[in-house]
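**Q** We have chain A; now place chain B onto it with these hints.
Number of protein chains: 2
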Amino acid sequence: MPATAATTATVRSAAAQSGAGGRSPRPGVTLGSDFLQLDIADAPPGGRTAWLADRLRSAIADGRLPVGTRLPASRVLAEELRVTRGVVTEAYRRLSESGQIAGRGRGGTVVVAAPARPAPPTAPSASDRPASPSSPAAGQRAFRPRTPRTPDAFFTASPHRDGLVDALRGLPCRIDLSPGVPDLAAFPRTAWLRAERAVLAAATPADFGYGSPQGAPALRRAVVGWLARNRGIRADPDEVVVVAGVAQALGLLAQLLRADGIDRVAVEDPGSLGARQQLEYGGHTTVPVPVDAGGLDVDALRACGARAVLMTPAHQFPTGVVLDGERRRELLRWAAGGGVVIEDDYDAEHRYDRPPVPALRSLLPDGVCYAGSVSKLLAPALRVGWLLVPPHLRDALVTAKRYADLGNGVLTQLVLARLMDSGELERHLRHVRRRHRKRRDVMLRAVEAHLPGARVHGAAAGLHLMVTFADGPGSRVPDTALAAAALDRGVKAHPLSWHRLTPGPPGLVLGYAAGAAHEIEEGIALIGETLATLPTAT
Amino acid sequence: MPATAATTATVRSAAAQSGAGGRSPRPGVTLGSDFLQLDIADAPPGGRTAWLADRLRSAIADGRLPVGTRLPASRVLAEELRVTRGVVTEAYRRLSESGQIAGRGRGGTVVVAAPARPAPPTAPSASDRPASPSSPAAGQRAFRPRTPRTPDAFFTASPHRDGLVDALRGLPCRIDLSPGVPDLAAFPRTAWLRAERAVLAAATPADFGYGSPQGAPALRRAVVGWLARNRGIRADPDEVVVVAGVAQALGLLAQLLRADGIDRVAVEDPGSLGARQQLEYGGHTTVPVPVDAGGLDVDALRACGARAVLMTPAHQFPTGVVLDGERRRELLRWAAGGGVVIEDDYDAEHRYDRPPVPALRSLLPDGVCYAGSVSKLLAPALRVGWLLVPPHLRDALVTAKRYADLGNGVLTQLVLARLMDSGELERHLRHVRRRHRKRRDVMLRAVEAHLPGARVHGAAAGLHLMVTFADGPGSRVPDTALAAAALDRGVKAHPLSWHRLTPGPPGLVLGYAAGAAHEIEEGIALIGETLATLPTAT
Numbered sequence: 000m001p002a003t004a005a006t007t008a009t010v011r012s013a014a015a016q017s018g019a020g021g022r023s024p025r026p027g028v029t030l031g032s033d034f035l036q037l038d039i040a041d042a043p044p045g046g047r048t049a050w051l052a053d054r055l056r057s058a059i060a061d062g063r064l065p066v067g068t069r070l071p072a073s074r075v076l077a078e079e080l081r082v083t084r085g086v087v088t089e090a091y092r093r094l095s096e097s098g099q100i101a102g103r104g105r106g107g108t109v110v111v112a113a114p115a116r117p118a119p120p121t122a123p124s125a126s127d128r129p130a131s132p133s134s135p136a137a138g139q140r141a142f143r144p145r146t147p148r149t150p151d152a153f154f155t156a157s158p159h160r161d162g163l164v165d166a167l168r169g170l171p172c173r174i175d176l177s178p179g180v181p182d183l184a185a186f187p188r189t190a191w192l193r194a195e196r197a198v199l200a201a202a203t204p205a206d207f208g209y210g211s212p213q214g215a216p217a218l219r220r221a222v223v224g225w226l227a228r229n230r231g232i233r234a235d236p237d238e239v240v241v242v243a244g245v246a247q248a249l250g251l252l253a254q255l256l257r258a259d260g261i262d263r264v265a266v267e268d269p270g271s272l273g274a275r276q277q278l279e280y281g282g283h284t285t286v287p288v289p290v291d292a293g294g295l296d297v298d299a300l301r302a303c304g305a306r307a308v309l310m311t312p313a314h315q316f317p318t319g320v321v322l323d324g325e326r327r328r329e330l331l332r333w334a335a336g337g338g339v340v341i342e343d344d345y346d347a348e349h350r351y352d353r354p355p356v357p358a359l360r361s362l363l364p365d366g367v368c369y370a371g372s373v374s375k376l377l378a379p380a381l382r383v384g385w386l387l388v389p390p391h392l393r394d395a396l397v398t399a400k401r402y403a404d405l406g407n408g409v410l411t412q413l414v415l416a417r418l419m420d421s422g423e424l425e426r427h428l429r430h431v432r433r434r435h436r437k438r439r440d441v442m443l444r445a446v447e448a449h450l451p452g453a454r455v456h457g458a459a460a461g462l463h464l465m466v467t468f469a470d471g472p473g474s475r476v477p478d479t480a481l482a483a484a485a486l487d488r489g490v491k492a493h494p495l496s497w498h499r500l501t502p503g504p505p506g507l508v509l510g511y512a513a514g515a516a517h518e519i520e521e522g523i524a525l526i527g528e529t530l531a532t533l534p535t536a537t
Numbered sequence: 000m001p002a003t004a005a006t007t008a009t010v011r012s013a014a015a016q017s018g019a020g021g022r023s024p025r026p027g028v029t030l031g032s033d034f035l036q037l038d039i040a041d042a043p044p045g046g047r048t049a050w051l052a053d054r055l056r057s058a059i060a061d062g063r064l065p066v067g068t069r070l071p072a073s074r075v076l077a078e079e080l081r082v083t084r085g086v087v088t089e090a091y092r093r094l095s096e097s098g099q100i101a102g103r104g105r106g107g108t109v110v111v112a113a114p115a116r117p118a119p120p121t122a123p124s125a126s127d128r129p130a131s132p133s134s135p136a137a138g139q140r141a142f143r144p145r146t147p148r149t150p151d152a153f154f155t156a157s158p159h160r161d162g163l164v165d166a167l168r169g170l171p172c173r174i175d176l177s178p179g180v181p182d183l184a185a186f187p188r189t190a191w192l193r194a195e196r197a198v199l200a201a202a203t204p205a206d207f208g209y210g211s212p213q214g215a216p217a218l219r220r221a222v223v224g225w226l227a228r229n230r231g232i233r234a235d236p237d238e239v240v241v242v243a244g245v246a247q248a249l250g251l252l253a254q255l256l257r258a259d260g261i262d263r264v265a266v267e268d269p270g271s272l273g274a275r276q277q278l279e280y281g282g283h284t285t286v287p288v289p290v291d292a293g294g295l296d297v298d299a300l301r302a303c304g305a306r307a308v309l310m311t312p313a314h315q316f317p318t319g320v321v322l323d324g325e326r327r328r329e330l331l332r333w334a335a336g337g338g339v340v341i342e343d344d345y346d347a348e349h350r351y352d353r354p355p356v357p358a359l360r361s362l363l364p365d366g367v368c369y370a371g372s373v374s375k376l377l378a379p380a381l382r383v384g385w386l387l388v389p390p391h392l393r394d395a396l397v398t399a400k401r402y403a404d405l406g407n408g409v410l411t412q413l414v415l416a417r418l419m420d421s422g423e424l425e426r427h428l429r430h431v432r433r434r435h436r437k438r439r440d441v442m443l444r445a446v447e448a449h450l451p452g453a454r455v456h457g458a459a460a461g462l463h464l465m466v467t468f469a470d471g472p473g474s475r476v477p478d479t480a481l482a483a484a485a486l487d488r489g490v491k492a493h494p495l496s497w498h499r500l501t502p503g504p505p506g507l508v509l510g511y512a513a514g515a516a517h518e519i520e521e522g523i524a525l526i527g528e529t530l531a532t533l534p535t536a537t
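Which chain is which? The protein sequence lines are A and B, in order.
Counting along the first sequence from 1, when you hit position 384 you're at 383 in our numbering, and nothing is skipped either side.
Counting along the second sequence from 1, when you hit position 428 you're at 427 in our numbering, and nothing is skipped either side.
The following block holds chain A by itself, in its conformation from the complex:
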């Protein structure tokens, strides 16, 4: 390899070079300092203290060491720079005197003030989630009614705008009735930490390495058990691919379908805006197929000519309809004829009236791509889901997942596998289902009391209600205007029209699972007040 000759060496000379050319490293001590990439060789002889103080001063001035940064212990930095400890303590003393750093006892030495040049701004961007405690400018408390950020423009923007749902999530509010989020206050922190401790205790070094892109075998086995017990699906762990939630599942499927020559996917109308956007970003045209009392209209599906359909058969989003027996049979006939069904089983486990219907996948493994996740079972923040595809697509799916991210994070998968195997997740589900049900009842009563003319759909299951306004004041204003005015009063909800591809009566999609009873009560009352004051000019 002549090209690299100048950097190569025989083994002997490479070994000799392995110290820092000419310097005599002390054994066991790291050479050089990563800290600010300081290199003592740059310091003038006899001027090391001044040099170090100067370097620190510029790093503080130009923002590389922002206020709050803890400096290395003087012993550590001295060792790394190979100077006496006195050089470092003296440099620290000078900066301390000039008020830029300060000793904090066991908290170490900390940057306390930056001179002249201001630190870069740290205001959150629009894509930050303001509800996060670590985001300075936001949080529920920060919401001011009649904020100048007029939500009107936001809601009346094209519903096809990228990341609309996500952007709404980012707006501050006082009461959040967005659909799709479970009771997050119930997250089983203690059980999670206990499982994590067990996972860390049992993990081999290899568990911290690159995992299987298909997912940790332990989690795939646990998912198989979960699907068998809860969704009537019999599967082999090798059929399961662990993904970062249903969103990633749809993105990967969009790729696979396109590789299979499919670029039009039928979607339910009304149906999830987010899911539709996911497919469209993946290069597909989405074709609306109406949903009625029996679920997706399979005749219309057949007529539209799309070779694939994305649907939510166990609990249609947003209507809450369950695909009925006759339609299931028709759909399976369509799939047996070569159609691809993408089954988004997003909240099938949340039923209050009867056991959930078995998944379509349980009836026709070869024609159904099945996607589920822990987002509604446990927490969206975990970003873990699973995808099962027909056998002929499996290898392509694993390849797509590999190139997407080399596989999900392993520790989270192993913790989740423990929670599933131990029955902890089912226990949690039973617990939150009781809480969700009470909150649903609160919302039903509040809608009855405060939203005249509202019709409620899909109350028997899930984490949200859909209401439509067939008459009354709500029927005479666009639902985007209602949602905008409600957000102006601090209450967040989805306008139903966001989730429609063809026009229909106005309405709202109202999540009840995440909020406390009094918030639900107050939120609906505020929407009712809003409704009463809106000019009814459609």
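Hint data in this document are derived by calculation from the structure and do not stem from the laboratory.
As the structure is a prediction and not an experimental result, all values here were calculated from the model.
Watch out, some of these pointers could steer you wrong.
[Claimed, not checked] DMTMM-like, lysine to aspartate or glutamate: derived pairs with alpha carbons at most 20 Å apart:
id	chain 1	residue 1	chain 2	residue 2
1	B	Lys437	B	Glu520
2	B	Lys437	A	Glu78
3	A	Lys437	B	Glu78
4	A	Lys437	A	Glu518
5	A	Lys437	A	Glu520
6	A	Lys437	A	Asp365
[To be verified] Covered stretches of chain B, as calculated for chain A (at least 3 residues, CB under 8 Å):
id	region
7	64-70
8	164-175
9	380-394
10	403-410
Beta carbons: idealized from backbone N, C-alpha and C, even for Gly.
**A** Just chain B, lined up with the frame of chain A:
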């Protein structure tokens, strides 16, 4: 919304319906059972015990309840099915008598044997990582020398085969000298768990919800501090996008570049096979540009006409060369003229001789896409990295990340932010650097002792050595044959030719960070023995 009229109801009737039509639910008790989707309404009157036993029996027989599954407590199942507890205990007793389930004291009632129809096979697939303790058929102990899975065919397969590196990772071995993995045994389990406990204690419910697709603000701030202290980069948290490792960063950049009309990307030759495949999967043609003693040949880059280049300037993979000052200046001129530099800063923090050179990004934020991760700092299993792009690409990047997976898992991000902010990660880096350095020295000595004619490249930094065979027995066999024969003896390493686009002397890429000293010693000795016995027919 007339289409759904049959499933709608006025608020009053919806509220009345919210129980299970006609049944009178007991308050506070969940209706219906998720467990096997049992519905007591299916049971014949007076035959509930037999019905339940039968349902359980079939679920065990058809694999929905595999051996080892814990059944719900009889009290819980009885409550859910709304039968007396006696019905459940009697059904359990019958299955227990027939030997299918057994009481395990506080361990509950467990499935112990499946009759007749066998459970589905659970052998790991090729994409499983056999080193995982939870993968039954594998692990280091399971390696048998001269296994019938001949590695020859594997190594001589086209190096452009999808997932080749990944597939090699999946093959069993006794000593793993693959490059790119840090000392995983040193993973700071205690610090991690402590930080996780603090995160769970401090988290608000919103932290368990959908996070910002751009990444948790706390981690973005921590990354900014890290980059300032360790890589000379001054950035604003809003410039940082948290990604699932450098692999995802490359996948997302591949999308952005294509949207910008770029579909040819220059890559270093030799250079990382995995990174090249990532770009190719993303629809790009990769154009080889030679690497010499000064790093990437910028004249050749200019001549090849590609508008973007992927490179590893701080520590070139696999040669270990640092891009020299003159080349850096040339490259920045090229970038200032509109070229896009993708800087894969994969292991810049691991230098043994001097502070790492500052990142290219620190010199030209507007022309450099900068990708880093914790894979080499801490553990690949975490799947966390960061990507900074020029300002005009930032919004498109956030959108691409949103559609990829809605953002990284939040808990892992918050734990990592704590480890970075507290100085724990820097402490860990200092610790492993000492260990890595010793292992490197062991490998250098072993190469000198056992691999005659080997030239060592890139020993001053990183987690691997590159050796080439300019003469001696190693120069007379293809390196794929050597790697295959070595794996046959239980030692895994990368043939250098995998990472070449144009032919060059044979060689190996040998990781030293992950293994213990005696394994490195023995692994290199075994490669030496292999070399001595190979027929030298090239």
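**Q** Does each hint hold? Answer for all of them.
**A** Now the hints, each set against the structure:
no. : hint                 : result
1   : Lys437/B to Glu520/B : holds, 12 Å
2   : Lys437/B to Glu78/A  : holds, 18 Å
3   : Lys437/A to Glu78/B  : holds, 18 Å
4   : Lys437/A to Glu518/A : holds, 13 Å
5   : Lys437/A to Glu520/A : holds, 12 Å
6   : Lys437/A to Asp365/A : violated, 39 Å
7   : 64-70                : holds (count 4)
8   : 164-175              : holds (count 3)
9   : 380-394              : holds (count 4)
10  : 403-410              : holds (count 8)
Hint check: a violation occurs at hint 6 only; the rest are consistent with the structure.
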